[in-house]
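Engineer: Chains as they are written, first to last, in the working numbering: chain A, 1 to 128; chain B, 129 to 256.
For the record, the hints were derived by calculation from the structure and aren't laboratory data.
Examples of chain B residues toward chain A, derived with CB under 8 Å: (1) Gly133; (2) Gln135; (3) Ala137; (4) Glu139; (5) His175; (6) Ser183; (7) Ala185; (8) Ser191; (9) His192; (10) His196; (11) Ser236; (12) Gly241; (13) Thr243.
Computed from a predicted model, the values in this text were never measured in an experiment.
Here a beta-carbon is modelled for each residue, glycine too, at the ideal position from N, C-alpha and C.
2 protein chains.
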Amino acid sequence: MNALGIQLAVELFDCDENILNDHRLLEQSLVEAATNAGATVVNSVFHQFNPYGISGAVIIAESHIAIHTWPEYRYAALDIFTCGTDIDPNGIAEEVQYVLSADRMHVSRILRGVTVGEQERSYAQTPT
Amino acid sequence: MNALGIQLAVELFDCDENILNDHRLLEQSLVEAATNAGATVVNSVFHQFNPYGISGAVIIAESHIAIHTWPEYRYAALDIFTCGTDIDPNGIAEEVQYVLSADRMHVSRILRGVTVGEQERSYAQTPT
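I would like the entire structure built from these sequences, with the hints used as guidance.
Structural biologist: Listed below in structure tokens is the structure:
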């Protein structure tokens, strides 16, 4: 793979609107999905909007996972950005789809850092 | 615009490697770029990796900005996700390009939540 990172832009439709508005459950679920995929969670920040909607990001040693929810449309925008080959971002997407009870999911895959030079690459990043 | 959000996947090449490894400057710069664009910053989380590289995310009322840097390749992956029409994500990209002294920038634009129903939409989210 000639890229530094893989990013999945995940569209989740027809979700459970109550879950989309539960920021503690969402944060816990994204952290667990990252951990289950073998990622190392570094930090996370989630925010509940008024009257509804959540935005959150989980920083992992292998990049990040972010989510924005629109409970009024039963829709969530999920982003999974991973570097290296140890983490399967599709597994994270499927776990979040399950947690949100999303009837439909559409995934766009974007390669990042593709045209960076051909020198030997070190993907591993160790949290300090 | 028939979408809930616009996401820019911004590739920044040939950056200043010292700036790419300065997590305080990066956090300050992304927060300032968001504010200058008229966004409301809700929270931010940045992490310095060992031996180098930064990952960070700024949660804004209008969604998020995230960055991952590879100083060893003078490369940064920037993501700007905005909802509503008040914020110009291209302005944020250009400001970050300037801060990082990136000689080359490539921007991919992704529409999010496009197939959500046609009912009247409320973009505004007020931080609690």
